[in-house]
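K.L.:
Sequence:
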Amino acid sequence: MVFFDTSVAVALFLEKDRNHEEAKSLVQKAIRKRQILLITDYIFDETITTMLTRAGHSDAVKSGKFLLESSIVKIIYLDTDLKLRVWEYFKRHKDKNYSFTDCTSFVLMKEMRLRHYIAFDEHFRQAGVEKFR
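First residue of the sequence shown: 1, per my numbering; consecutive thereafter.
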């Protein structure tokens, strides 16, 4: 499994995004390597919301449908205990500009022992995980 961030999801779904071709290439590589793209319900929400504001309702729905129905995407729904651990992580990292959603990704990756991510967000590197290649 490889963690799949909003930044790449939006670039994949939005053809006019400057990272669209790279996003397609990364996802195709993950498929060739038989990787499951892991997202959280927070990433799902952030992706749909971003698609709504950048491309409109119809494209947001298409993106959500793909994420929910694709055999290559797995969604993890965060429980209350994990959210409380994320909150502690968020508070400890006041020197970083991590969003709460970023923190949910980092804590989940650590707990699931996921080492690789697909993202255009430099925060993942700062959090000490490896970019998928």
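Just to be clear, a hint being listed does not mean it is correct.
Said to hold, decoys possible - Restricting the straight-line Cα-Cα distance to at most 25 Å, the calculated cross-link-like pairs of lysine-lysine (PhoX-like) are:
#1 K65 - K96
#2 K96 - K29
#3 K29 - K62
#4 K62 - K94
#5 K74 - K62
#6 K74 - K96
#7 K24 - K131
#8 K29 - K65
#9 K83 - K33
#10 K16 - K65
#11 K94 - K83
#12 K16 - K94
Read the hints as simulated data drawn from the structure, not as lab findings.
K.L.:
Could you work out which earlier hints the structure fails to respect and list their numbers in ascending sequence?
P.N.:
As far as the earlier hints go, 1, 2, 4, 6, 9, 12 are violated by this structure, in ascending order.
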